[in-house]
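Novice: In case you want the letters, here they are:
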Amino acid sequence: MRRVPAFAIAILVTAALNLGCGGDDPPLTLNVPSDHPNIQAAVDAARPGDLILIAPGTYHESVEVATERIVLRGTDRNQVILDGQHTRDNGIAVAANGVAVENMTITGYRQNGLLFSGAYAAEERGAYPGYGQDYGAGDLVIDGYRASYVTAYNNGTYGLYAFAARNGIFENSYASGHPDSGFYVGQCRPCNVVLRNLVAERNAIGYYGTNASGDVWVVESVFHRNRLGITPNSQDAERLAPQSDTWVVGNLVTDNNEPDTPEIPMGFFGGGIAVGAGTSNKILNNRVEGHLGAGILVIPLDDRDPEDNEIRGNLLANNRVDLVAQLLGASPGTNCFAANTFATSDPANIESLLPCGGGLQPWQPSGTYQPPTPPPTADYRQIPAPAPQPQMPDALTAPALPATGTPTFPDPTLIGVPSR
Amino acid sequence: MNPTLRAHPVHRRSGVLAPLITVAALAMLPVGLGACSGDETTAPTTVAEQRLDRRRAEVMAQVLLRNHEATGARFQLAARSFDSEGTISLSGVVNWSDLHGRVLVSGVSDDLGEVTEMAWTSQLIGEYRPGLEAVLQGIGHQPGTYLIRPVDQSRRLDQLVGIVTGLASTTADNPQLILQNPGAAYLRSDTLRDRSVDVVRYSERSIFWIDTETGMMLRFEGSDSSGRFPVVVDIIEWQSDPVELPPVAEVPEALRR
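Line order of the protein sequences matches chains A and B.
At position 109 of the first sequence (counting the first as 1) the number is 110 in the numbering used here, and the numbers step up by one without a gap.
At position 94 of the second sequence (counting the first as 1) the number is 125 in the numbering used here, and the numbers step up by one without a gap.
The hints are simulated quantities; they were obtained by calculation from the structure and are not laboratory data.
Any given hint could be a false lead.
[Unchecked claim] Some chain B residues close to chain A (C-beta under 8 Å, calculated; not the full set):
| hint | residue |
| --- | --- |
| 1 | R82 |
| 2 | D84 |
| 3 | Q93 |
| 4 | R186 |
| 5 | T202 |
| 6 | Q207 |
| 7 | Q211 |
| 8 | N212 |
| 9 | A215 |
| 10 | L218 |
| 11 | L223 |
[Stated by the list, open to error] Coverage of chain A stretches by chain B, computed from C-beta distances (three or more under 8 Å per stretch; other residues unrestricted):
| hint | stretch |
| --- | --- |
| 12 | 36-46 |
| 13 | 112-124 |
| 14 | 128-135 |
| 15 | 250-258 |
Where a beta carbon is used, it is the ideal one built from N, C-alpha and C, also for glycine.
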């Protein structure tokens, strides 16, 4: 038998060890605080695919995630609390692809509760926009993200925030007391994001989607007692304008006139769903009730008109004006209203003037609608904490599921008008 | 009865860094007015301008909010005057919670008129002109009475007041957006009045000197789009006391410009 030189054996052993370090090991569960004293220490020790399981407690830290495809999970949504004490910036700032955050509460941060940032991820990769490039398009994104069963309240800007991010999910989550918005998806094309089964209340805005375009789905959620419920919109303050292709389907949007809320500088108040200079959005089968301003508005923003938006099948009641369309231009454009249940509109007979499927009537720009005067702002730090929120099922035993791939988009034909 | 500056409504500014730029554009702003008295800098530790990173963007995003949270400050301002090659200096206090302020005015500029002191609220400017002291006392006003008038943004002094009061915000800016601002950059590390600072540019016309330990703004430099009218504001000391406003009188018609 031929002898194998010792040095060859050493090489083989080294190769085997290297294989073992190369990512083929099964995912680990890193427990906080039993294995690691705090969440950041566990994140720093984690490898792609690992689960960080966090025991009940209040964690005064700001967590930064730069490792791809890890899952951060609290064992109890209402008792695993990240508390920024209004001195730290972000609760969890994610700068890597495929990260999921589950089953915890995040409060008291000066900026955001949970941030997925394509700009930060690009910096981690050493990539920056060149001439004519923008964060949120091409490779300058976070690819894959998810927040499930997360409660965010009383943070300084946004509750759950995805910037320049693609292929994401916000689900079964709650946000209140934010002076900008509870949920925000901004500057992405295509975004490929599903927001479902959310509750947003007592924020300046419930869902805010500036320049978020391409398969943005806001479905089967509750937007209640904010200053403004939902607003897909185009603004020049961010890149990738104009916004397009958001589906707002089957949401309960009520009483977004809450005075005891923090104010956003732009001063929105008393509106259910406002398409601000957005394009090609579908606003379908929502129940929109109880607004001192208007139920659904299609309006200009930043001197840009909304275009090609379809407002169909919504049930509107008890709004000062149910449906509003305002345009800067003399042309009616191609926004359309059909099959809505409503009592009032501005202009009157809005479904005859702006019908879906063609047949536009002569357009007389309407300028009669005026939004209510916003009440003074409330201190976001003083908004009452929410009641305990539903737990993630099987939080102790469910396997880690990193956020990879394009999410499954809802079938809008299967989503009806929700009950109150 | 003499009107009082305190009697007028307060408009709380709620902008972020971007609105500051608007104010700056109205007025003027900065670079290179070498400075305010008491200024002590050392040679910069780095010189090359660099891309702004997320750490510094996050600090910058909070800088005006931190001013607001500090309530107020004693400051010194140095600026190029608008209608001459002269300079204007303001030295005094500002309270960002109610937007009141009071300063001594000095310099060499046609923009000054005879004004040696100013006080303001969000809506009114009060000016003290020593040459009118006798006149005002002659019609029953107490010594040291300021003349009040509405804010007039065409006046250089009012623009400078607007810049000082605009250096605070009730909300933070967004670091994500700062990162993609044209002109946003880390300029250098430096030392100012024995404090270690990062010198960072928000846009092409606004530069902040930020204490690396506290995140507080120690200096603001701004300029208008032409770069001809720079302004430098140095924060000397943080303070939360209300601004003591002077006795005031309406501007007699005969004295209106």
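Novice: Run every hint past the structure and note whether it holds.
Specialist: Here is what the structure says about each hint:
1. Hint status for R82(B) relative to chain A: holds, with the closest Cβ pair at about 7 Å, below 8 Å.
2. Annotation: interface hint on D84(B) holds; nearest CB of chain A at approximately 6 Å, less than 8 Å.
3. Proximity of Q93(B) to chain A holds as hinted, the smallest CB-CB distance being about 7 Å (cut-off 8 Å).
4. Residue-level restraint check for R186(B) is violated (minimum Cβ-Cβ distance to chain A is 26 Å; threshold 8 Å).
5. Taking 8 Å as the C-beta cut-off, the interface hint given for T202(B) holds, the closest approach to chain A being about 6 Å.
6. Here the hint on Q207(B) is kept, as its CB sits about 5 Å from the closest CB of chain A, short of 8 Å.
7. A hinted interface residue such as Q211(B) counts as satisfied when its beta carbon comes closer than 8 Å to some beta carbon of chain A; here the least separation is about 6 Å, so the hint holds.
8. Of the supplied interface hints, the one on N212(B) is violated, with its beta-carbon coming no nearer than about 10 Å to a beta-carbon of chain A, more than 8 Å.
9. With a least beta-carbon distance of about 12 Å to chain A, the hint placing A215(B) at the interface is violated under the 8 Å criterion.
10. With a least beta-carbon distance of about 18 Å to chain A, the hint placing L218(B) at the interface is violated under the 8 Å criterion.
11. Taking 8 Å as the C-beta contact cut-off toward chain A, the hint placing L223(B) at the interface is violated, the least distance being around 24 Å.
12. Closer than 8 Å: that is the beta-carbon criterion, and the stretch 36-46 of chain A has 0 residues meeting it against chain B, so the requirement of 3 is violated.
13. Coverage of the stretch 112-124 of chain A by chain B holds in this model, with 5 residues showing a Cβ closer than 8 Å to a Cβ of that chain against a need of three.
14. By the rule of at least three residues with a Cβ nearer than 8 Å to a Cβ of chain B, the coverage given for the stretch 128-135 of chain A holds, with 3 such residues.
15. Coverage of the stretch 250-258 of chain A by chain B is violated in this model, with 0 residues showing a Cβ closer than 8 Å to a Cβ of that chain against a need of three.
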